[in-house]
Amino acid sequence: MKGITTFIIKDILKNRIVILYTLILCGFSWSIFSLEDNVSKGILSLLNIILLIVPLVSVIFANIYMYNSTEFIELLVSQPVKRSSIWYAMFTGLAVALNAAFLIGIGIPVLLFIHPLTALVVILAGVLLTTIFVSVAMLCFILMRDKAKGIGLSIMLWLFLSLMYDGLVLFFMFQFADYPIEKIMVLLTAINPVDLARIQVLLQIDVAALMGYTGAIFKKLFGTQTGYFTSFIFMLVWIVVPYFFSLRLFKNKDL
Amino acid sequence: MPTVVISKNIHVGPGKEHRSIRAALLSAKDGDTIFVYHSLYKEGNIIINKKITMIGVDYPVIDGDKKFEVVSIKSDNVIFRGFQVQNSGYGSLNDLGGIKVYDAGNIIIENNILENNFFSIYINFGKNILIKNNKIRAYGIEEQQIGNGIHCWKSDSLQIIGNHIQGHRDGIYFEFVTHSIIWRNVSRFNIRYGLHFMFSNDDAYINNVFDGNGAGVAVMYTKKVTMYNNTFKNSTGDASYGILLKEISDAEIVGNRFLSNTSALFLEGANRIMIKKNVFLNNGWGLKIQANCMENVISQNNFIGNTFDVSTNGSLVLNKFDKNYWDKYEGYDLDKDMYGDIPFHPLNVYSFIIENNPIAMLLFRSFMVTLLEKTEKLIPSITPEDFRDDHPLLKAYSL
Amino acid sequence: MIEINNLTKKFGKTTALRKVNLTLTSGTCVGLIGPNACGKTTLIKNILSMVVPTEGEIFFDGKNIHGDVFYKNNIGYMPQIGRYPENMSVRQVIQMIKNIRNHQGTEDKELFEAFEMEKIADKKMRTLSGGTTQKVSATLAFLFNPPVLILDEPTAGLDPIASEILRVKIIKEREKGKLILITSHLLSELDDLLTNIVFMQESVVVFNKTMEDLFAETGENRVSRAIHKLLKTGVLS
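These protein sequence lines are chains A, B and C, in that order.
So the first sequence is numbered by this note's numbering: it starts at 1 and just counts up by one.
So the second sequence is numbered by this note's numbering: it starts at 1001 and just counts up by one.
So the third sequence is numbered by this note's numbering: it starts at 2001 and just counts up by one.
None of these hints come from the bench; they were simulated from the model.
Fair warning: there could be bad hints in the mix.
According to the in silico footprint, chain A covers these stretches of chain C (three or more CB under 8 Å from chain A) [to be verified]:
{"#": "1", "stretch": "2043–2052"}
{"#": "2", "stretch": "2062–2072"}
{"#": "3", "stretch": "2076–2082"}
{"#": "4", "stretch": "2093–2104"}
Pulled from the structure, derived: some chain B residues nowhere near chain A, Cβ distances all over 12 Å [said to hold, decoys possible]:
{"#": "5", "residue": "A1023"}
{"#": "6", "residue": "Q1159"}
{"#": "7", "residue": "S1366"}
Predicted model only: the values in this text are computed from it and were never measured.
Using N, Cα and C, we set each Cβ at its ideal position, and we do this for glycine too.
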């Protein structure tokens, strides 16, 4: 339903939190690039925002918005609208609005200040992460009827994917350093969308160091065109699978 | 009794007194000048064994037909200028060259174009030779099947100036070459090294550009080398270096720029080297100093945008870091003396980890790893405490 | 118009509706009454596909509503508590529902005018009081002139004047031959409205009578008294 989507987008864009989020991102990126004459250091600071703040805000905002829209969704369901259309509209609305905030806050300064190809990768990483965490937030919403539990679950997922996961992988690596674990390591990082986004940006700013690494699988998966494509597909899976899973649950949900 | 030498001019080319270079050479005497006009000359191996000047007009093409050494210079006092020399033979036993000098001196090889030769310019036991403004190009794919661009062996007092070399195994190769200067050359996209020299003492390398060579520049088993104002860039890959120094002592590496190399400067068994006023920009590793290096001074350099500024494989610190600019330094300068008030520890703990587990690169810049690095910076436990720059500069040098 | 066959709905272990059979025909105004948690709202939500039946079917105009959404074009629904996107104005909400329903015929703007919605049309939904929000819900339910109206506690929260406007409107629509389904706790309000009464208790429909039958059986002429009487005499339990 194009109408509902537009309404949701407008509604979210007028939301004070989203405006604040946009302004904060804007403030961050402009100050990073105008105060820092070293561009690669700027990208690094930005990378942390994209890997930590953007997913966190996306997942929590989307989750709370879903809970706050319970009655609205109820209203829509009582109208002649397919449930799949409602779900799609909610998803599109959230994704478009939050991505708009991201693009205004970070996308524009990034395009102005850094190398176009790097900028493109940084922006794509942010957009994909935003969308992934919207999808995840909607899944948390549908899994938990209780708002507090739902928000808790989404924060847990963020905590796990953004912070703890790498620690676990690192721990795993130290434990099994004597074994040929390259394949498993590559697979483990490819599973986590935050890691994928990080590595794509890494391939831009630390390309010289990464070229020194001989791992064949690593090169195949990340260094080439196919690698970019594969990473992209993996991240799309993170959008599509939670979305369709939550849609299936929503179709049979009692409101 | 002074002898009066009357030199004459000989002309070679279509419609000239000689149709072939060989015939002209045969008729020439010491001191003569041979003008060769534009045409294709396929005459097998041309041997210059007289003190003559050879001048190409409009780049005549001398072709070795992929069988022969094209031009062999076997006499002193030869000038060879303005030719296109191409398609030398390939030999696994003989090092066939486009232009090869055998045991001779006072030679000028200038303004030539060398295309698709096995070795392009080969100096064997040369002395006082000027190789200037030649454009050298080959199309090597595998290291074993292509020779070097300018190859010098057991020579002395060479000047290699303003040449462009690309597509060879090594762009410029020195072995047992002394008192020579390599100035303003561009050596690009060679399969192995842009510049490679061994056992070649007292040489200077100034204002050259080494770009995109497989493994950059290798300097081995040599003393008293001077490297000023060169640019080393885009040497990326496993075991690729801007400069690889191995068993070098008493060298000066000053004013060079290292851009986007996997490892900008690798030192192994290097002693008493002064590394000063260089720029290390956007490299994977700025300096890799092996533990067997001693008494090197690293001072007044800019380290900007490198993934890792310095790494080492030991805990012994026998080198001195002082007054460099490190963009990763986060200290303050409250006493306004231009230097940060607390020392900078350029060693990143994670580069230690990567040294042992290369796959750990996958996790670089993740939250956990950043946490690990910050902790180590505050409380050094793995990296040696005295590996530090006591006077880190707050603002980059303008280099 | 609406036919409910053997409808059972369970929420986990609790059964909200047990084998409900009910036929609702056009031209009637049906009061769906019963104690709290008897399954009234669940029944309505089933009719609107807002909950998915555990067993049984619902037919709208002879067509099974399962998997269909377009039959809802024929239903105007006023929820018990209507909540709307906070940042949207009244006008935008109405416009949005218009877009969704893509209504072709004429719009019924009587309630819109009677409630003087124009005055508050540009206010944000979050600034509206509960009663005003109910007015918006009522306006929306009647706006598209649907043949079926489902009103869940329509007068709750409305001031007496607004209640009266709504009552008059309901009667008017009933006279047009529409099917109107109302739930309400306030039985006294329902007297002139209803033609039929459906009484539910503990997840089952206890009776479905016309008003005439109900009054005749109980000898009363007020809905509230009639129900009380039935409850007292124990007929219902």
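Checked hints:
1. Only residues whose C-beta sits within less than 8 Å of a C-beta in chain A count toward coverage, and the stretch 2043–2052 of chain C has 6 of them, enough to reach three; the restraint holds.
2. Counting residues of the stretch 2062–2072 of chain C whose CB lies closer than 8 Å to any CB of chain A gives 4, which reaches the minimum of 3, so the coverage claim holds.
3. Taking a C-beta to C-beta cut-off of 8 Å, the stretch 2076–2082 of chain C contributes 4 residues in contact with chain A, enough for the three needed, and the coverage statement holds.
4. Counting residues of the stretch 2093–2104 of chain C whose beta-carbon sits less than 8 Å from any beta-carbon of chain A gives 5, enough to reach three: the coverage restraint holds.
5. The beta carbon of A1023/B is kept farther than 12 Å from every beta carbon of chain A, the shortest such distance being approximately 54 Å.
6. With a minimum CB-CB distance of about 33 Å to chain A, Q1159/B clears the 12 Å threshold, and the non-interface call stands.
7. A cut-off of 12 Å between C-beta atoms contradicts the statement that S1366/B is not in contact with chain A; the least separation is 4 Å.
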